[in-house]
Amino acid sequence: MHVRDYYEIAGGVALMAVGAFAALYSLANYDQGSLARMGPGYLPFYLGLLLAGFGFLIVLFAWLKTAKPEKIQWRSFLAVTASLVAFPLLLGKLGLLLSTFLVVLLATLASSEFTLKSRLLTALGVTVVTWLVFVVGLRISLPTWPVVAG
Amino acid sequence: MDALQSGLWLGLQTAIEPVTLLYCFIGVFLGTLIGVIPGIGVLAAISLLLPVTYHLPTVPAIVMLAGVFYGSQYGNSITSILLNLPGTPSSAVTCLDGSPMAKNGQAGLALFTNVSASFMGSVFGILVLVLFAPAIAALGLEFGPPEYFAVMLLGLVAASTMGGGSIIKGLAMVTLGLLLGTVGIDINSGISRFSFGVPQLFDGINIVALAMGVFGVTEVINGAASKSRGVPYSQFRLHSLLPKTAKEVTVTGMPILRGSCIGSFFGTLPGTGAGISSFIAYAMEKRMAKEPERFGKGAVEGVAAPESANNAAAITAFVPTLTLGIPGDVVMALVLGAMILHGVQPGPMLMSDHPDLFWGLIVSFGLGSLMLIILNLPLIKVWVTILRIPFRYLYPAILIFIALGVYSVSASLFDIAIVAGVGVLGYGMLLARFNPAPLLLGFVLGPLLEENFRRSLMLSHGDLSTFISRPISSAFLAACAALLVWSASSWLRRRRRHAKQATA
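Read top to bottom, the protein sequences are chains Y and E. The opening position of the first sequence corresponds to residue 1 in the working numbering, with each subsequent residue numbered one higher. The opening position of the second sequence corresponds to residue 1001 in the working numbering, with each subsequent residue numbered one higher.
Chain Y stretches covered by chain E per the calculated footprint, using a threshold of three residues with CB under 8 Å from any CB of chain E:
1. 12-26
2. 44-53
3. 102-111
Since the hints were derived computationally from the structure, they do not count as laboratory data. Heads up, the beta-carbon is just placed ideally off N, CA and C, and yes, glycines get one too.
Using the sequences and the hints, build the whole thing.
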């Protein structure tokens, strides 16, 4: 179905906002200087203006056309993002191996093609590989096992 | 000639050091592996390996990253031929005739042609690199800040207009990249820009986190959501890959030569690389063929020409990076980033300051290409087996490697969360069809661009005409303008055609 591409419009608006913010923020906080002696705020100000201008053009052109918007893969998007947020939170407490196992279980929710058994086996397999690469191989500076509070 | 000989001799000594040789092998091996697996691209792979390079000496680190890049070209082609599943624009061209060949029972010949054409293309590219790099570096020594500014601007404009898709979006992404590149301490004034009091941002945004977020995480999200496909079962033995008649080899000779020339030329230009040169090489073969109707139905020239072109381009892409310090595309930008992390400033002085790196890298291209022949002919069965592993068993490991890779750079758990954040942004960009490649190029070039822009105007006392009055920089700027006008007009033409189709 061809409809107005709201993702593209949202992207353009976001660029306008970032550009306007960068321009105003550098105008307010950093010395502009002159062409011959540019201050730290000179280029960011113009880059911000330029970005806001491009953002405006993107919104304009996106408004004038119809397109087939990309489909959001919510399930995969949420599972992958949640895994990356959960991993650093778990690592400090549960150690590398247990955290990896749990995060992989979480990450497998992204795909609809797993069974419970293949989820567990994948998590086990990835944990073993992670142990070999990062603990045995690279000697990463993270606790391998859960940290006892104290 | 003496300089060339002693350079190559030094390069050989550097490249055959066991540690360099080992990482060259790891690079081409991983490159082929990444290329074979549909769903993970060379950019994600190089971003994943950037943290590893922190733990390595400079030469093996760069040799490995380069190996991943040209090795992935081989792996991509295997998947294109056997599965008709292109991972990159350049391997989409290989699909056109490689896949019909496989369906006609000529998969072995297609794979053999891929390897031989790729190898010849690489060798040709190495020759071009050896012959022209010193001259371009000598020219680069004449460059002042205005010339550097102009050539970088050309690279950025080319990358945003040639990448396909909307030019405005490409330019917007470059601008955003430049802006992100200003985050951190400004070396001229010592003022920390856009860091909002967050100490982690004083050194700027971490390139590893940025690259992994926009390439790695986005690819994992997309790959995990896609349904797995069956892989046609086919049995390969070494002898089934070897050509049966001499004619099968000789017929590809001229296409390989033409493809190599095209690839070497377009590889050196900023913004154009493997993808475009394989399209042009394919189109040219089709035009020169006596029976153009064979193309698309399994013509062996249709595999030979684009494969030699994209591999030649993968090597000559190093010309502007090594001689001028200006990356022509994102892969080169990441390689450049890795060199800077190792305290090596790429540019005209690289050849004299770090001859071991320069020549060692060149010789390693040759050695790596030889390793790729072994990896791709006798070991083809390994790759066919790997092709059968569904992506869902791989992406959780990729995710863990992304997270721990970022952690190993900074020893900060906070950076893993940053990657998650950048990944969300990257996915948003994918939905809005914003290409992250120009963004990353702008990010890497941003500080260099600003530095040269400032210096130019300081030298000219604020007179902007300095960019136009100097012949080399005015030529580059004219090329920029021409590129913008040309792509704007072709975009308008496409739009008008679309409008006509819509009303018809």
